[in-house]
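Peer 1: Could you fit the two chains together into a complex? Lean on the hints.
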Amino acid sequence: MATPLAHSFRLRPLVAGATLVLLVGLAGSRADAIPAFARKYQTSCQTCHIAYPKLNPFGEAFRLLGYRMPDETEDMVKEEPVQLGAPGYKRLWPDTVWPSSIPGAMPLSVDTTFTDYSSRAEEDGDTHTIKNDFRFPEEIGALAGGTLGETLSFFGEIAFEQEAEEGHSGFEIEVEHAQFTFNGPFGWGPAFNLKVGRFAPEITQAISHGHLLTTGGPAALLSFQPIRAHGGREVGGHHGGGGIALPHSVDGLEVYGILGHRFLYSGGLANGLGPGEESLDANSAKDVFGRVAYKIGGLPYDGSGYVPSDKNWREMSLALGLFAYRGDGDGFVVRQTGHHGDELLVDQEFTRVGFDVNLFVRDLNVIAGFARGRDSLATFEEHGGEGEHGDVELELEGVDDFTYKTWFVQGDYVLMPWLHGAVRYEWLDPASRSAPDFKRIVPNVTALIRANVKAYLEFQRDLGDSDNYVVLGALRFAF
Amino acid sequence: MNIRSCLFAVGTASAMLLPASAADNGRVTGTIIAKGLRTSADIVVSLQAPGLKVAPPAAPIEMDQKSMLFAPHALPVVTGTTVRFLNSDAVAHNVFSPEAKYNLGTWPQGESRDYTFDKPGVYTQLCRVHPEMEGFVVVLDTPYFAVTDRAGTFEIANVPPGTYTLVAWSEKLKSGKQEVTVESGKPVTVELTLSR
Numbered sequence: 065m066a067t068p069l070a071h072s073f074r075l076r077p078l079v080a081g082a083t084l085v086l087l088v089g090l091a092g093s094r095a096d097a098i099p100a101f102a103r104k105y106q107t108s109c110q111t112c113h114i115a116y117p118k119l120n121p122f123g124e125a126f127r128l129l130g131y132r133m134p135d136e137t138e139d140m141v142k143e144e145p146v147q148l149g150a151p152g153y154k155r156l157w158p159d160t161v162w163p164s165s166i167p168g169a170m171p172l173s174v175d176t177t178f179t180d181y182s183s184r185a186e187e188d189g190d191t192h193t194i195k196n197d198f199r200f201p202e203e204i205g206a207l208a209g210g211t212l213g214e215t216l217s218f219f220g221e222i223a224f225e226q227e228a229e230e231g232h233s234g235f236e237i238e239v240e241h242a243q244f245t246f247n248g249p250f251g252w253g254p255a256f257n258l259k260v261g262r263f264a265p266e267i268t269q270a271i272s273h274g275h276l277l278t279t280g281g282p283a284a285l286l287s288f289q290p291i292r293a294h295g296g297r298e299v300g301g302h303h304g305g306g307g308i309a310l311p312h313s314v315d316g317l318e319v320y321g322i323l324g325h326r327f328l329y330s331g332g333l334a335n336g337l338g339p340g341e342e343s344l345d346a347n348s349a350k351d352v353f354g355r356v357a358y359k360i361g362g363l364p365y366d367g368s369g370y371v372p373s374d375k376n377w378r379e380m381s382l383a384l385g386l387f388a389y390r391g392d393g394d395g396f397v398v399r400q401t402g403h404h405g406d407e408l409l410v411d412q413e414f415t416r417v418g419f420d421v422n423l424f425v426r427d428l429n430v431i432a433g434f435a436r437g438r439d440s441l442a443t444f445e446e447h448g449g450e451g452e453h454g455d456v457e458l459e460l461e462g463v464d465d466f467t468y469k470t471w472f473v474q475g476d477y478v479l480m481p482w483l484h485g486a487v488r489y490e491w492l493d494p495a496s497r498s499a500p501d502f503k504r505i506v507p508n509v510t511a512l513i514r515a516n517v518k519a520y521l522e523f524q525r526d527l528g529d530s531d532n533y534v535v536l537g538a539l540r541f542a543f
Numbered sequence: 061m062n063i064r065s066c067l068f069a070v071g072t073a074s075a076m077l078l079p080a081s082a083a084d085n086g087r088v089t090g091t092i093i094a095k096g097l098r099t100s101a102d103i104v105v106s107l108q109a110p111g112l113k114v115a116p117p118a119a120p121i122e123m124d125q126k127s128m129l130f131a132p133h134a135l136p137v138v139t140g141t142t143v144r145f146l147n148s149d150a151v152a153h154n155v156f157s158p159e160a161k162y163n164l165g166t167w168p169q170g171e172s173r174d175y176t177f178d179k180p181g182v183y184t185q186l187c188r189v190h191p192e193m194e195g196f197v198v199v200l201d202t203p204y205f206a207v208t209d210r211a212g213t214f215e216i217a218n219v220p221p222g223t224y225t226l227v228a229w230s231e232k233l234k235s236g237k238q239e240v241t242v243e244s245g246k247p248v249t250v251e252l253t254l255s256r
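Residue numbers (my numbering), protein chains in the order written: chain Z, 65 to 543; chain V, 61 to 256.
You may find that some hints are simply not true.
Said to hold, decoys possible - Taking CB as the label site, the calculated pair distances span: (1) V/SER244 / Z/THR107: 47 to 57 Å; (2) Z/SER108 / V/SER127: 33 to 43 Å; (3) Z/TRP162 / V/PRO180: 28 to 38 Å.
Hints are computed from structural coordinates only; laboratory data are not their basis. Note that this is a predicted model, so its numbers are computed, not measured. Here a beta-carbon is modelled for each residue, glycine too, at the ideal position from N, C-alpha and C.
One chain only, chain V, in its complex shape (with noise of 0.2 Å):
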């Protein structure tokens, strides 16, 4: 199972814990565009409202450093989620945050540390021994989020119909943001264009 195959099953696994049947269900699909950007990849859309209740998935969300890179570079969670950061590379990563002012420290391959994000926020991950590397961790009030492709393309299925702001954050240009209704059964198409 891949990365982006399990942020699905998570935020579908914490819809399924709200009231309304699945078979009533709405599905919102779409494409944003990353304005002056080599690729409209890694872009957090979330379909937010007030009032949503979450619950945080029992097991831990990885995020690997590995090829010198994080992966995800982008992980979406809900608010009370556990992140287990992992080391993939036969060399030793740090991973801190600025935001959350924490610092996990340096660990070999195989090993891992965990921390859990109470707070809603964007949490910028950094690597002490390797400056170049970068990672987000997204942690959101709604389970209804998904990450874009290289084409800007996402999907978030299994929505309770509704009205939600849908909110579309990349880390280098600002945020866009607009209104969606979702109805029984029906899919919902945004296109959205994000620049500096």
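Excised from the complex, chain Z in its bound form (with noise of 0.2 Å):
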């Protein structure tokens, strides 16, 4: 079968090296802390984060409700609303437009990131070491987040990283998050929301940066990719599609719920590996993606019968998620160039199939996931030179499924409500071509100098035969 060349990309060779500096690279983004919320309700980060953005029990059910407070009331929101139209004119409703609100204040925050970073990387037999570089910053964003009237609600991200490479360095703009949600329309409450845009979809949600005290969500399961890309473009991952590994971003519709309290449904549509000649989306099939869990113990998901508490991030709590996700990167041709030669690779049909536990037990949190992916990977061979339009003839040589199994596991422990603690192990068995095994820990000590101010100190190190590892000093603010 000759099948012409969509895309072209060289790819590094696949070695510890290259795999633990693209592991980092794409590990989660690193926002979900919004001051603007502290500025609407007049309350400290502390009533939603245990160490921010790391969100306590009620500040998850916050998010869920579409940011807004369980049972929330008129005189808990401080920063009155403007009114686009009285309450008077949903009676005469489909003769006017419904009415709304917008915030009364531009719910703009601003979260900063400096960064003292040290790391040590081998590739193709060379090490690369890089002692105290000061990124400062490392990266600025400009977040917005908030309601419009009882039933919308919206979160915005800018994101400005500094980078290097090279020989180059500045800065890149990305947006990380544009969404914009149906919270509960037609009276359904939290058991339908509807969420348009790019965003971090529930499927990962339970294990990425908002729920976690390390810098970024476990490498092993959000950034391992059997076809990997490089000349500036990525496969996936938050750059226009869902990614071959499990996306800590999409580009997509997402339907979510809650139901009796405790139980959580997700499911949803996006962009798949892309981008194309002409479209995000490399073709015109979309990759799904489905979570559901249920939590035991605990503040319920919806936040009903919320007692607070001086210790509002201790509880006994026990909630398991399962997910899914299938992607079609039929069409997406990439060249990954290895020790074998240049590889021309379909990933025609993906899934990744996993669980997830979050674990409260006063104050120590326990997060561990598990996944299993599978893919089709079609391997081409390039005919002749260029065609009329710049085509390239292929062949089909075969087709061959690889599976991956990846786990990690990370304790969070408050120390003091100043003072916490955390380690990560993860786990990557790839049972393909592409990478070597992989294992990683990550301790982290963070400190809230402030509530909105915090430092920390988080040592990655590969382990086995790799003495690849990254240190980082951070100290973080936003408002």
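Peer 2: Below is the structure:
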């Protein structure tokens, strides 16, 4: 079978060092703390966060309710919204526009991170060492979030990341989130919500940065990809597609809801691998994903029955989640350069199935996840030179199925309200040609200098045959 | 004379039409707490009983549109009262009510329109030109009423002795009721909480 070459990427040889570098860079976006909410409710970050952006159970309910407090009453909102129509107009619909409101003040926040970065990475037999690289700032995020009346909410983030590559440095600008949610339309309450835009899907929310003390989510689940890209373009990830790994960000639609206070469901469609020639999704088939979870003990997902406590990070609870993701990369051709020369690959169909666990025992929070991934990789051989339109003829050589498994477990502990410790262990068995086994340990110590200012020291160390590591000493503040 | 004093005077004047003498009348005061709201203002408190006779005032009662707001926000009147809707803003305003199904049209600053409320009930006042504006005319079959201030306090004076049902109406909360017995020359204090 001859297939026009739709896209071509030059890939780095997949050795442990390159794997480490890529996994650090893609292990989840770093936002999800919005000081604008502190202004709206005249409340501290600690109301919703254990150590921002890590959410406490109340903050999780706040997020799931569309950035509203459980049983929210008018007097909780200190920043009075601007009415776009009096409530009396509801009775006149459809002869009038349904009334709503917008935040009284522009709900903008800034989140900045200064990092002292050190690392050791081995690649192609060469070792690259960085000592105390001051990345001041490493990232500046501009965030906005809030509600628009009773049944609409929004969240957006633009990140400016300072990067250096091949002798050049600069700020990369990225829209990390741009989501709009219909919360409980038609009076359905928290049972039905429709999210549209670029957002973190529920399948990875429980194991993402918003629920972990560490700087990013587990790279082994969120960043491993059987096909990898180089040349300034990513295969999947959060640039225009759901990615081959479990995505920490998608462009699509998601329905989610809370049933019976403690059962959380979600399901969605998203752009898959891309971009295409003239589209963000390389083909017309959408990736699909879903998750169900149940929480035993502690505060229910909808925050019902909430009783404030001076130790609001504590509870006794266990949440279990099951998730699945299916992607279609047909027509998206990737050139992989490896030890065996160039290969042209298409990830025709891939699935990720797994579960996650979130356990709270007083000051200890244990988060764990497991995923099994399966990819049908089609290999093509290139024939001839460029055709009339620049196309290259491809011939299918074969299709092979590859399976990988990965899991992680992390413990976050509140030593004191301002001092937190965490340690994560990750493991990946790629079972494919693309990368060696991967094991990593990540200890972290975080100190809240203020509710909105934190300092942390994090050590990411690859284990086994690799001596690769990353050391981060950082100061992060938001307002 | 401000709006609240005017309402007090109207309520009192209506009561004076009744046979009991003023010296025998009691006074009902108290606080209505609006649970979950930023303020307990604009709750209409009335004393209702079977057979109360009222006579609407001869002169219209005014509801203004000023600074892009209906003023007062909640206006209680007795059945049969004519309300005069003013416009004190430099922009044109409109008044219509979905319950009473009237639209008085749109008029400029300085002009007014009248409407007579012949049936008891709560009538929302809206402006087609400015959809965020909202006010209420509460039409009652009793001359004994008041509107709470920001703290939720109210006073209804010159109430003839007897047993009444105190009704508290709020635009955002469920109405509350409480039985009140008024004795000659003695004040009665009421505290009531309204919720969703």
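Peer 1: Now tell me if each hint is right for this structure.
Peer 2: The hints, checked one at a time:
1. V/SER244 / Z/THR107: 47 to 57 Å: Holds, since V/SER244 and Z/THR107 (Cβ atoms, about 51 Å apart) stay within the stated range.
2. Z/SER108 / V/SER127: 33 to 43 Å: Taking Cβ atoms as reference, Z/SER108 and V/SER127 lie about 35 Å apart, which means the hint holds.
3. Z/TRP162 / V/PRO180: 28 to 38 Å: holds, 30 Å
When the structure is compared with the earlier hints, no violation turns up for any of them.
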